[in-house]
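Quick mapping for you: the protein sequence lines, in order, are chains S and R.
Position one of the first sequence corresponds to residue 1 (this note's numbering), numbered consecutively onward.
Position one of the second sequence corresponds to residue 1001 (this note's numbering), numbered consecutively onward.
Hints are computed from structural coordinates only; laboratory data are not their basis.
All C-beta atoms in this analysis are idealised placements derived from N, C-alpha and C, irrespective of residue type, glycine included.
Estimated spans, in silico, between C-beta atoms of each pair:
#1 R:Ser1086 with S:Thr67: 37 to 43 angstroms
#2 S:Asp6 with R:Thr1184: 39 to 45 angstroms
#3 R:Lys1153 with S:Gly175: 47 to 53 angstroms
#4 S:Leu259 with R:Lys1153: 44 to 50 angstroms
Taking lysine-lysine and the BS3-like style, the derived pairs with C-alpha atoms no more than 25 angstroms apart in a straight line are:
#5 S:Lys153 with S:Lys87
#6 S:Lys169 with S:Lys201
#7 S:Lys100 with R:Lys1101
#8 S:Lys100 with R:Lys1153
#9 S:Lys246 with R:Lys1177
#10 S:Lys47 with R:Lys1196
#11 S:Lys47 with R:Lys1194
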Amino acid sequence: MFIPCDRGGGSAVPDFKDFTLLMPAVSVGNVGQLAIDLVISTLDMTKVGYFYTDCLVPMVGNNPYATAEENSTELSINAEVYFLPSKKLVVLQIRSPFIKNKYRPFCETLLSWVKSSKCARVVLLSSSHAYQRDDEQLLGTPLRYLLTPDLEKAVGGRMQELNWKEMEKVAAYPGISDTDKVLHIPGGGITKLLFTESCSKGIQMAVLLKFCSEGDNIPDAFVLVNYLNEWLQLIKSEVNPSSQWKIPSSWRLLFGNGLPPALF
Amino acid sequence: MATFFGEVVVAPSRAGLDEEEEAREETPEDREIRREIEKKRYRRRCARGEIDVLWTWKSGGRAEEPLVCSRFIVAIGRNAAAFLSSFILDSVCWEVVGVVKLWNEWCRTSSTTNVLPTDSFCLFYRLISDPTVLLCQCSCYVAEDQQFQWLEKVFGAMQKKGLQVTILSTCPVADYKTQESTLTLASPFLKALKTKEFQDQVCCPLLEQPNIVRDLPAA
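Only chain R is shown next, with the shape it has when bound in the complex (with noise of 0.2 angstroms):
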């Protein structure tokens, strides 16, 4: 693309292309890279592509046996979690049952199950007085390449007969697209997704088009 200049620049595309880089062989530069990151993964006994998921509950049977679950309700991003962590885990009626292990370019989840907000984590919670219901607080940014791995490690776990998932996550109200400027809009507010099967009452009203979900909890 030329620009006011006269300048020719590769203009970036919208339809999030990068085929010159598949097509692109390994330069000794590239080489060296990538064989520094293979160190490091070896050092960190995790690599980068992958992730670990973690499960401590004492079935009584065999590890193997997938987790009987009735209700899984999973909080992706910082505010999510911390809506949890305030309003619902204590540790009274609430324990540990998993963790994921991950990292990538924007993080890396912390080792321990003792963690400070501020930390990257993403950990399973069991009700004491119910173990079919499970609780996840995931404040870690999982990467688009590592979210169908973390589906199907975490659901792969469980029972899925009568499972109800509820999933909550927040955007930024920018993002909302609406024939009103978002400046006059009152936020925050709720806005809700469900499949054809749920069919309890909803609290809020639904996500119109063409506002959509991405990442994990699109996923």
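Here chain S stands alone, though its shape is the one from the complex (with noise of 0.2 angstroms):
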């Protein structure tokens, strides 16, 4: 599944061991894809190879974090890992929806591949549809966390102490009192699939989320990392951490074209 670039020393695999593992759902919004986008480009993270899957749509492009004429052309596909040695940081990002039917087996290659590379954790960020939460979580903050169990053992406690908010289960059959509780994500994408996998196979894995709808979602990007932020402490965040992310010149004309100036 992870073919590594040829980066001149030839293409040997790059080393994972140990690493924390980021990566987006593609979920309502794109909003774990946007933060993902934010943190390859102000870590200005280098591409060591992709993964080759039919799960995805192809796409392909120009350098999606292109910074100068020179930097403009190489190639950029659907699903890239990036590293950063310095904080132990693999990044996969995520660039198109999923096929149908493929949810499972890209999961299951996945998380098989995390295994075989030796990551420490695999951190999520997600999104759910804001129109689907109840009166209680209408209140208070957007942003909600899950911990696989072999993770909570090693950071439950950090969450405390950042006075993060685990997400709630809800009833199975809403409207009938006493029914199991079970986890929901709606338009969380491969996130409920990933968090469960990941919790039967003893990996350890956590889950960032925010409700959100469609549309600009560029402010729930900045909300989403800031919180990845406040644990994982990728930048520094003592002023203003909103101006400290570097937005990458993909990001232009998200919303269409400029206008004709015959309309007016």
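Dock chain to chain to rebuild the complex, using the hints, since each chain is given by itself in its own frame.
Structure follows, in structure tokens:
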């Protein structure tokens, strides 16, 4: 699945042992993916490879993090892996939707790659439909977290210190009071599947998600990436943290082209 | 999502989510539909998801031997296919060496090699004077869950060392993202994407971000 890039020194597979894998779920508002774009762009991460997979719609374009003419012509595809050894961080960016019936095969292949590359833990950035919140969830913070049992032991205390809110379980059959509570993440794409699979495979996974709706999701991405930063401390956040994140050049024209002058 | 009139509707997501479908169990109606589709597939001898690539070249060797190919030009979509038909292909210099059979909700490929411009087809031609030059005209739509298979079956039959691939396709001008309005753009215009291994001169500017290419040309 993972194909390393040829970086001049041969195509040796980089060592991801004990690294944190940060990745998005393709979810409502694409918030996870936007947040990952901010991380890669700000930390100026190096691409080290890509996923060769039939589970995502193919796409290709030039370098979305280009800062100058010279670095703008590197091709970029739908699932690429970036690397920052100084922070023991490896990031997977997913740039297109899943093909029908391919959620499960992708999750299985991804988790077996996580195990074989010996990543210490996985952090999944996601989102969920804001309109599906219940009365209590409408109040307070729109941010939630989830931890697999293995990671709960390691960092559960940190989440308490940060005063984070765990994602609530909901009744399996709404309206019926004495029914089982289940995890429900509407609009979360592969989030629930990846989380439940990680629980059963003993993988340390954290899910950070935001309730949001489709629209201009750039502010949601900033909120989510600042939430992540409270825990992982990827950038210094003493001053206004939002101003520290670098918006990639590919975010231009998200809502269409310029207007024809003849309109006026 | 609540609309202006107070009704609640399920808003479609840009992220292309259909998780409810993934989790849903089959109803009796679904089973009936699936049975009918399977019956249809059996009649067509080609399942909806499957692609057949039939090579007709006589290599003199075993059919399993990979095709030696130095240049492969792929035209995807009706416009690109028409360009090849109008300016490149003719029955004197080119011969048909392969055909792709597929069907999906949008099209079913023609089963003959004598096609009309309005047919959906996917044919491979070889230059008679230099049999390592291959051309593909793909005017049919290859669905997203068939694209990977198309790639594996087509490129799987080729020897890829020293191979140069050129992909021709078209996109609507309205999809082009630019600071100015597309109304004032001089169209049609050419843009290119190239891998870093491609060392030759490109005849037009490179495609700038945030523009991307998707589907079979991207695959």
